[in-house]
Each structure stands twice: as structure tokens, then as C-alpha cells.
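Undergrad: Throughout the sequence shown, residue numbering follows the working numbering, covering 1 to 176 in sequence.
Think of the hints as simulated: they come from the structure by calculation, not from any bench.
Here a beta-carbon is modelled for each residue, glycine too, at the ideal position from N, C-alpha and C.
Warning: the hint list may mix true and false statements.
[What the hints assert, rightly or not] DEER-style ranges, computed between Cβ atoms:
| hint | residue 1 | residue 2 | range |
| --- | --- | --- | --- |
| 1 | Asn44 | Arg20 | 35 to 41 Å |
| 2 | Ala163 | Asp40 | 36 to 42 Å |
| 3 | Phe30 | Gly135 | 29 to 35 Å |
| 4 | Asn44 | Gly144 | 20 to 26 Å |
| 5 | Ala158 | Leu48 | 17 to 23 Å |
| 6 | Asn85 | Ser32 | 22 to 28 Å |
| 7 | Asp40 | Ala110 | 18 to 24 Å |
| 8 | Leu142 | Asp40 | 40 to 46 Å |
| 9 | Pro111 | Ala134 | 24 to 30 Å |
| 10 | Ser49 | Arg24 | 19 to 25 Å |
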Amino acid sequence: MDTGRGRRLGTREDFEDLIRLHQRLPTCGFISGDPVEPIDTHVNTRHLSSAFAWHALPDKVARTYAIGRTRVSDSLRMVEIPHGNDPDILRRELRLHASINVNSPLVVDAPQIEAVMEMAWNGQAVFISPVALAGAVSPITLSGSVIQCIAECIGTIAFIQMAIPRYPGRPAFMAC
1 MDTGRGRRLG TREDFEDLIR LHQRLPTCGF ISGDPVEPID THVNTRHLSS
51 AFAWHALPDK VARTYAIGRT RVSDSLRMVE IPHGNDPDIL RRELRLHASI
101 NVNSPLVVDA PQIEAVMEMA WNGQAVFISP VALAGAVSPI TLSGSVIQCI
151 AECIGTIAFI QMAIPRYPGR PAFMAC
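When you get a sec, could you build the whole thing from the sequences and use the hints?
TA: Written out as C-alpha cells, the structure reads:
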């Protein structure tokens with residue numbers, strides 16, 4: 001939505017404009033989310049055109065779609081291109097982040113866990129965000145919902161930590 005064109009469906013041009021705007025914000029260290037989905041790009045290749053925009057337009061750590069290993073791998077390979085296709089660049093530098101949602105109660109979809117493991121195997125950041133709706137998929141009390149969210153985060157992080165190698169001198173990039 002803007003004052004000139006009003007409310008409308010998002011396009012690739014709108015998506016890229018938002019990335020350019022974000023790049024100019026000095027208080028934001030990374031780009032995350034898709035507040036504008038470029039629906040004029042075919043759904044089967046949308047992750048590629050979005051990843052290209054995230055890598056080509058800003059100089060900040062970029063987000064990647066965390067829906068399956070293939071989409072993450074495509075983004076990881078794009079990060080390597082300007083570095084001479086050097087896969088070790090990912091182990092030396094944080095270049096990507098992904099966010100997954102735990103489907104409360106206590107379930108992580110297989111495509112998301114594959115994506116997160118691919119990110120972790122390549123030393124990149126992962127954010128884990130439970131989607132606990134009090135009274136629907138988590139206890140109705142605040143304390144019960146918070147306990148469930150913490151358990152979902154810790155369980156997912158523990159699983160990923162057991163499944164990935166540790167890189168000397170590099171912290172595990174996980175957040176809850």
C-alpha cells in the first residue's frame with residue numbers, strides 16, 4: 001500500500017523497493033520476512049528471484065525461505081557465487097538467516113526441519129518461533145503457554161545441535 005497506488009497485490013518491483021528501503025535503514029542489521037510477496041513471480045521459482053534480490057540489492061545478512069532443503073541450498077549456492085563458489089565462505093561468515101515456526105503443540109514440519117538442518121550444517125543463523133495460541137494449541141494460561149513455547153524451542157534447538165557439526169571458533173547460530 002502506498003499513497004500513489006493504494007492497496008494492491010505485491011509485485012517483484014514492490015518487493016525490491018522494500019529491500020532498497022530496508023538497506024537505507026541504519027538501525028536494521030538484517031532483512032527478514034516477506035511483508036511484500038512478489039506474486040507476479042511463478043510460485044515454483046519465487047524463492048530464486050527473491051533470494052537473488054536479497055543477495056544483490058543489500059549488503060546485510062539476508063533471509064532465505066526455510067521450506068525444504070532445496071530452497072535453502074539454492075540460497076546458499078547464491079551466497080557462494082560472488083566468493084568464487086567457495087563453500088567455506090559460509091563457515092567463516094554469517095550471510096543468511098532463516099526462521100521456522102513450530103506448529104504447536106510440539107511439532108516441526110519435515111520440510112522446515114530439513115531447511116533448518118541445511119542452514120545449521122552450513123553455519124548460518126536459524127530463528128525458531130513457536131506458534132502457540134493460548135487455549136487452542138497450548139494451555140489457556142500464560143504460564144502454560146510460555147512453558148510450552150520454551151519446551152518447543154529447546155527441543156528443536158537440541159535436535160539441531162545433535163545433528164550438526166560444530167565449527168571451531170564459531171558459535172552455533174540459533175535463537176528462540
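Undergrad: Evaluate the given range 24 to 30 Å for the C-beta pair formed by Pro111 and Ala134.
TA: Since Pro111 and Ala134 have Cβ atoms about 26 Å apart, the given range 24 to 30 Å holds.
Undergrad: Within 20 to 26 Å: is that where the Cβ-Cβ distance between Asn44 and Gly144 falls?
TA: violated (41 Å)
Undergrad: Assuming the hint says 18 to 24 Å, is it satisfied by the Cβ distance from Asp40 to Ala110 or not?
TA: Violated - the Cβ-Cβ distance for Asp40 and Ala110, about 30 Å, lies outside 18 to 24 Å.
Undergrad: Please check whether Leu142 and Asp40 have a Cβ separation lying inside 40 to 46 Å.
TA: holds (42 Å)
Undergrad: Go ahead and decide if the range 17 to 23 Å is satisfied by the Cβ distance of Ala158 to Leu48.
TA: Roughly 32 Å apart at Cβ, these two residues miss the hinted range, so it is violated.
Undergrad: Take the C-beta atom of Phe30 and the C-beta atom of Gly135, compute their distance, and say whether it sits inside 29 to 35 Å.
TA: Once the Cβ atoms are compared, 33 Å apart, the range 29 to 35 Å for Gly135 and Phe30 holds.
Undergrad: Assuming the hint says 19 to 25 Å, is it satisfied by the Cβ distance from Ser49 to Arg24 or not?
TA: holds (22 Å)
Undergrad: Taking the Cβ atom of Asn44 and the Cβ atom of Arg20, is their distance within the range 35 to 41 Å?
TA: 26 Å Cβ-Cβ, so the 35 to 41 Å window is violated.
Undergrad: Could you check the hint for me, namely that Asn85 and Ser32 are 22 to 28 Å apart, CB to CB?
TA: Holds, since Asn85 and Ser32 (Cβ atoms, about 26 Å apart) stay within the stated range.
Undergrad: Could you see if the CB distance from Ala163 to Asp40 stays within 36 to 42 Å?
TA: holds (37 Å)
Checked against the numbered hints given earlier, this structure breaks hints 1, 4, 5, 7; the rest are met.
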